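Number of protein chains: 2
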Amino acid sequence: MSQEVTIVRNVLEANDRLAQELKNNFRAKKILCLNLMSSPGAGKTTLLERTLTDLKTEFKMAVIEGDLQTDNDAQRVAATGAQAVQINTEGGCHLDSGMVLDALKSIDTEGLDILFVENVGNLVCPAEFDVGEDYKVTLLSVAEGDDKPEKYPFMFHISAVMLLNKVDLMPYVDFDLDKATGHAKKLNADIEVMPISARSGENMEDWYKWLRDKRAEKL
Amino acid sequence: MSQEVTIVRNVLEANDRLAQELKNNFRAKKILCLNLMSSPGAGKTTLLERTLTDLKTEFKMAVIEGDLQTDNDAQRVAATGAQAVQINTEGGCHLDSGMVLDALKSIDTEGLDILFVENVGNLVCPAEFDVGEDYKVTLLSVAEGDDKPEKYPFMFHISAVMLLNKVDLMPYVDFDLDKATGHAKKLNADIEVMPISARSGENMEDWYKWLRDKRAEKL
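Residue numbers (the working numbering), protein chains in the order written: chain A, 1 to 219; chain B, 1 to 219.
For the record, the hints were derived by calculation from the structure and aren't laboratory data.
Source: prediction; values computed, not measured.
Backbone N, C-alpha and C define an ideal beta-carbon position, used for all residues, glycine too.
Heads up, none of these hints are tricks.
Covered stretches of chain B (chain A as the covering partner; in silico rule of three or more C-beta atoms under 8 Å from a C-beta of chain A):
#: 1; segment: 64 to 70
#: 2; segment: 135 to 144
Facing chain A, from chain B, some residues (calculated, C-beta under 8 Å):
#: 3; residue: Ile7
#: 4; residue: Val11
#: 5; residue: Ser39
#: 6; residue: Pro40
#: 7; residue: Gly41
#: 8; residue: Val124
#: 9; residue: Lys151
#: 10; residue: Tyr152
#: 11; residue: Pro153
#: 12; residue: Phe154
#: 13; residue: Lys166
#: 14; residue: Leu169
Kindly generate the complete structure, drawing on both the sequences and the hints.
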């Protein structure tokens, strides 16, 4: 097992070196980079579709899409007019900074304001791998249940924002907003919690305000 | 990288050896073992709560619960009267056969008919690790979207059953049942697809019939 542990540490260290390279690049170019993570089907791509459409005239934005297979999500995102590059991990459970560095070669970063990295749908493994982001943003769909922060603590511990998505489904599911928020805050007192619906558009202005503030801090 | 690949192969081989030991044990004792997998919040524990309650007089059943943290799910399941053992992976993204072998020591397998292994909520990594099961059963909540079999193909490729859970939410989400089923069948022509609601109880008889058939085959 100790050989295995050494390998894992080497992989994480190599990842962090490339992540630092990405961070330096984003700082120099004043690009806000966000790492979007969640379980499969929590609504990351729908969030991006609406955000890219609503803020189109305000910011120049691009997306790096991570999936095991298919370029479905990159196509959905590109339909808004934004630049989109698909990474296929071929079964890999998370993105790493080497993949993002590669994908970035296909993006015109001149004048880019915000780069979204949509990670593989997985509430566990992506939390371990920095991809050069300024902030980690985790979506939790209310259909997944209010116990998820407590049961998947590391993801919420390291995220700046928890977007409680699909609040339009609240009348039809058992989800205690105070309970989910309480658990998330216990793991991370600074986490910002925003109940939204990327599908209906409810409360998206809270998210857009956060984006504007964080982008302004990069200037 | 080749050192890393070798390590991964060694880990999988060691896992398969212990899985075979479990399979031999389950065959000798005529226990049907099922590996339940899904994204976080797709309803594995709710499925178990209802199944353990409804089939209580028919079968002797036990559950091994896998989670990163907390014993919440083992407690929920134990409340039905079934034996339940919690494994905490402390951040690990899947169960392996060594963990199941350990947990099994705390279960009285005398006269046991069905053992459910509820895996860590993750639609990627658990697919790689056999835990001695007769069948892999994957839940997909309709709230996750109909594109999931296509985007997470390996999980559906290796599963005997896809339980399309939370069909009570169908009127409130965009989910094309034919599309999801079509993608799953393309990956695995033999997969059995059962739309159910573990919460409302809808169509649970299809699942119970499958359980009875598969249990009978072990005798």
